[in-house]
Amino acid sequence: MNENISWDVLLVDDSDSDAELTIRALKKYDATLNVKRFKDGLELLECFRNGDFKKAEEMQLPRLIIMDLKMPKISGIELLGILNKEFEELTIPVVLMSSSREPRDLKACYLAGVNSYVVKPLDFDEFNDTLKVIGEYWLQINEVG
Amino acid sequence: MNYTMLNWLAELVRTEFMPHGMCYMWNPATLWANVLGDGFTALAYFLIPGLLVYFVKKRPDIEMKGLFFGFAAFIVSCGVVHVLTMINVWIPLYNLTGAAKIMMAVVSMGTVTLLFLRMPEALELPTPAIVEKVNEQLREEILEKEMLSKKLEAQQKELSKTLDLLMETQEVARIGSWEVDVQAMTCYWSDMVYTIHEVEQGTPIAVEDGINFFREDHKPVIENAVNKGIEQNQGWDEECVLVTAKGNEIWTRAIGFPVIVNGEVVRLRGLFMDIDSQKRSQIQREVDAEQLRTFIKQAPTAIAMFDNEMKYLVASNQWYKDYGLEGKEIINQSHYDLFPNILDMPEWLEFHKRALAGEVLEKDRDYFVHEDGSEQWIKWKLSPWFLNEKEQGGIIIYTEDVTAKVKYEEWLQATNTQLETEVAKRTQDLSLANNELEAFSYSVSHDLRAPLRAIHGFSGILLEDYSEVLDSEGVRLLNVVKANSVKMGRLIDDILSFSRLGRKNVKSEAIDMNWLVKVVVKEISRAYEDDHYEVTTGDLPQVSGDLTMVQQVLYNLISNAFKYSSKNALIRISVGAEEDVDGDFVKFSIRDNGTGFDMNYYDKLFGVFQRLHANDEFEGTGVGLAIVKRTIEKHGGEIWAESEPGTGSVFYFTLKKVMETNPENLKPGS
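As they're listed, the protein sequences go chains A and B.
So in our numbering, spot 37 of the first sequence is number 37, and the numbers just go up one at a time.
So in our numbering, spot 510 of the second sequence is number 510, and the numbers just go up one at a time.
Looking at chain B on its own, in the form it has when it is part of the complex:
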């Protein structure tokens, strides 16, 4: 430190001037007013920059910090001047004060310069209101951006999910994509398209090849679509049958659209899917639905199917006819719109409601009287039909006009009652007639025989007692009288047994035919020499019938066989039987080697009092075979015969088999 400097410093603190209090004349009021004013001002001026610096330090975002520091320095220098002014009251450091003032001026001017320079910048500083507004906007923008980005994120996620799904779907749904380069006419196929065509992956495919895979009848459809795509910029969506490389026919769906660059179609691209199973089940469903519709349409009864709102789904032709709906469009129309009068029939509305709630309602006969007074009987049924296990689809109504049927039944009943009365009356008449007939038979059997006995008897007496008077011719004549009376007696017996047969009830018992034939043959053969006949009998099954009556049949037939063969040296008779496995009857045959009969007169064979042989030749009344026929027919069987004159005859008859063998029912001998 040199002297000059020391000198200058000394000069600054020179105190030989009068203290400034002198100017105030030491007037305490003036003096303290100035001192205190300066003092507090200085205090404030020192505190302000401190606070400013503190503020700036605390707010790093504050702009133009230099300015604040400039202000701080300027205010501090003002404060120094005020301190010195206050000191100058007592100690006259005017030089120091002057220097401080110069300093203050310099700092002030510097600050002014700074202010001036930074003014444009300061002017641009936003006011807090603007800042607030801007901030608000900013916040909104930020929110919006956040939202957008979230949305975008979600979309991206969704997109990736969709993409995954698409890939999976392609696999599962058998969807592939393809592209055609129109210039080169080459195809690009995705793996699935190859799979659908059953062609090895990556095989080069020309457009023509692709089209050739379609079934002949569907080829034009695709060709047409492709041409339209190229020439008219049109897309397509077609369902066609494809014949795969392995020869399988499958339904496919081809979707295509042109890709246009500079107004020209450069590519065709699209999707290709295997829809075979869906399409086939759809076709099947359509067929099923059509079948069902046809079935209902053609049903010969009035039947209609409704949905839950009583709208027609389908109705049979008969329904149209019965309800006067022919030619009308009723499908999807409400039943109540077509027949508004039902709305006035609460009972029917209730029935519909109940059926729509799942109940089955029906009535066999429902009586209606129409406005015109005509009556009608209707049979009806309401039943629900279901879409699935839980959901009802609607109801089915079935109606039938049974008026004719009811009338017919009424008529039938009336007729039946009338018939019953008539039958009862006729039964009574018949019973009366029967009684009369019986009285007649009784009378015949008794009264006609008595005179015959007298004729025969008295002829006998004549022959016995007057033989010496009678010549041989007289004896012969009396014998003729006797023979004829005997014959008439036999006729009466036969006619009586024949008429008795008609009234007789046929018993049903198991008959051992082997035994019965033996019994009958034994009885008949008594009249013949042992070496005159030969009877062979096959194994005869049991039959069901009336023992006495069947015995009569066998007696008549076998005795005939004997009688008509009796002129042979050896009578040959064979009795046989054939059992029809499936039928209920056994066929018996009785064969002889007798004189036989002429088949030309076969129709007279079984007639009453009809004979094919003269009485001189073979005796008989002509009732035997009539009795046989009547008996067999009463048993439900049949009888017929075959013969050749001179060779013999065969008589066939059928009798019922024994269905259940019950040994207790069997007649003796078995």
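Isolated chain A, as found in the complex:
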């Protein structure tokens, strides 16, 4: 891992295709964005536990975490729970992206403290548009605490 890079977005998604599409769409919106992808929740947790994002004084904290809901080992909701519990000071907004439109998933995510829930559009153009809007809102408009 390159320790000098300041990560803008942390992406947790087990699907390579989805991850690739997401990163591409984000880069399309802003080519300068540094997006770090994790294959599952445990990888992300490991980084946090190592304090990877706090090593250099000048380093900025990532401004957004995008995570999938349904992942192997631990689900997005479980990951959220652990993060909230272990890193009380963590204030990075979390956008949950899922293929599911199940009402119970939505409810569970909001109860777990997600900041936004977005259904991954199937259509390629819509997908790109959606990520553009996410980037605009969370990386430009939204203030991180």
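Since the hints were derived computationally from the structure, they do not count as laboratory data.
The reader is advised that the hints may include incorrect statements.
Said to hold, decoys possible - In silico DSSO-like links for lysine-lysine, alpha-carbon gap of 30 Å or less:
hint	chain 1	residue 1	chain 2	residue 2
1	B	634	A	107
2	A	107	A	85
3	A	107	B	507
As the list claims (entries may be wrong) - Here are some chain B residues pointing at chain A (derived, C-beta under 7 Å):
hint	residue
4	450
5	452
6	454
Said to hold, decoys possible - Restraint-style ranges between C-beta atoms, simulated for each label pair:
hint	chain 1	residue 1	chain 2	residue 2	range
7	B	548	A	89	49 to 57 Å
8	A	82	B	618	35 to 43 Å
9	A	88	B	503	47 to 55 Å
Nothing here was measured: the structure is a model prediction, and the numbers come from that model.
Glycine residues also receive a C-beta, built at the ideal position from the N, C-alpha and C atoms.
Put chain B on the given structure of chain A with help from the hints.
Just chain B, lined up with the frame of chain A:
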């Protein structure tokens, strides 16, 4: 007075004879014995006639008074003789004494003659004993006579009373009398007979006329009676229907008997009474009793009526059957004679006794084990019945063999328990299956979409990043891949919502359909030009249902109407409703002027993934109408459609009316 007479008198008192004391030689004893004897005798002889006269005077009923006076005179004359004899002791009045003696003789003889003459009569004079006996008899006779006369008097009184009563009775009881002169064949009718016939009093009546008053079917009875009366000297007593002069039919009783003189019937006479009301009520009573008997007989339960001595009055056929009495004569027989074993059942005897004392006893289930070991459940009831307000007539026993029922109930309960267990088990199975299904749906919604997104996405990347490498055919092909992946995504969405529908609970809320249709039309019409469509909506009543689900139904149907009419220059859609006044449902209709469908394939119209149009023509997954049908059915309603290709289609569906309008339940917009 002449000298001779004086002479004769002097002669009577001549006293030159020797005094009779001389004969006694003046012996004082002899002298005083005679003097005193004569003296007392004379005294007695003077007293006796006095007493006799006194007796006769005091007893006016005494017979033969002359005789008593004769005796009296005879004894007085004897007394005179004894006085003179006594005087003769000192003064010798022998002549006077002689004369007195002659007198005495004359009186004595007279008395003797009298006695002699009256002797037969005297002999017939009853002795006091006889008199007493006779008197006794007489008294008895008198008593008897008195009694008889009293009796007679009473009888007369009674008779007159009876007569009065009879007259009154005739009037009240409408009894008249009649007589027929057999020779002349004429009738005499009493006033009441005329009244009964409603014929004017005194109208002459021939025998024939009298008979003609009887109703046709009863005429022969009377004719026969009259003939028998005349020919066979027989009396009669018949009840027949009379048709009066005014045409009223009444029941009468005719009693007649022949009057025979010298062995020949000369007259027929008898009574005639109006018994209509009694007869009719009697007939009614008989009918009532018969009805009641039939009612009890035919009752499909075992029921029997008893008198106060537990003797059968009537019993239903079922009773005969249940107690093995078929073919037996049980009426008037004692229940205990027919079933002596009851006498060994003190409990039952006690129940009978209590019911006979006016108590109502019943039991829904009574368990019996018979001698052969078979068990029986009996439902029974004992209730008293009353002759009038005070007097009990007996009891009614009702029994029903409920063994089958009890067994059935037991079986039912066992089956129910078993069923409940099974249902519980199946519910559990179902719930497991449901969970699995949900897991499946979840997986489908998530896992199937991801690869589709990849197909679509990477096709997109190819088109974007390698457009200069691809020729137009390559671009077209990639677009086909994209379109198909989108379509598959839509299929997955529809199938998921369709399966979700099955698990969803239908809420019941009042829905303002006018508002909901407006909302739905607005949403759908966004995709169309304003001048491309025209939607007319009638006045739609409120319905009761699940707002989201009903909205889905309207969305699917109206969007279909738009879709299938979209090739027309003007899309015409009308939404209407008809309220069934009596029913609980409202019928809605959505009509379009679209391409319609072939009614031959109607059975496929509402099927899942069934389409009646090619996808090139009109896009669709074939799930929309299946969802609509399922939703309406979940609401208890119905859906159907009519169409003519090229003209348009009408979709009808029914939803429940709002029973009570509660404005707070109404969804927004109203």
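Restraint check, 7 Å cut-off on beta carbons, for residue 454/B near chain A = Residue 454/B check passes; min Cβ-Cβ to chain A is 4 Å, inside 7 Å.
Per the hint of 35 to 43 Å, is the separation of the Cβ atoms of residue 82/A and residue 618/B within bounds?
-> The hinted range 35 to 43 Å is violated for residue 82/A and residue 618/B, with Cβ atoms some 50 Å apart.
Should the hint that residue 548/B and residue 89/A are 49 to 57 Å apart at their CB atoms be regarded as holding?
-> Between residue 548/B and residue 89/A, where Cβ atoms are some 42 Å apart, the hint is violated.
Restraint satisfaction for residue 452/B [CB to CB of chain A, less than 7 Å] = holds (6 Å)
Take the C-alpha atoms of residue 107/A and residue 507/B, compute the straight-line distance between them, and say whether it is at most 30 Å.
-> holds (20 Å)
Per the hint of 47 to 55 Å, is the separation of the Cβ atoms of residue 88/A and residue 503/B within bounds?
-> violated (39 Å)
Please work out if residue 634/B and residue 107/A have their alpha carbons no farther apart than 30 Å.
-> holds (26 Å)
Within a Cα-Cα threshold of 30 Å, do residue 107/A and residue 85/A meet the stated pairing?
-> holds (19 Å)
Supplied contact hint for residue 450/B, tested at 7 Å Cβ to chain A = Holds, because the Cβ-Cβ distance from residue 450/B to chain A comes to roughly 6 Å (cut-off 7 Å).
Violated hints, listed in ascending order, are 7, 8 and 9; each of the other numbered hints is respected by the structure.
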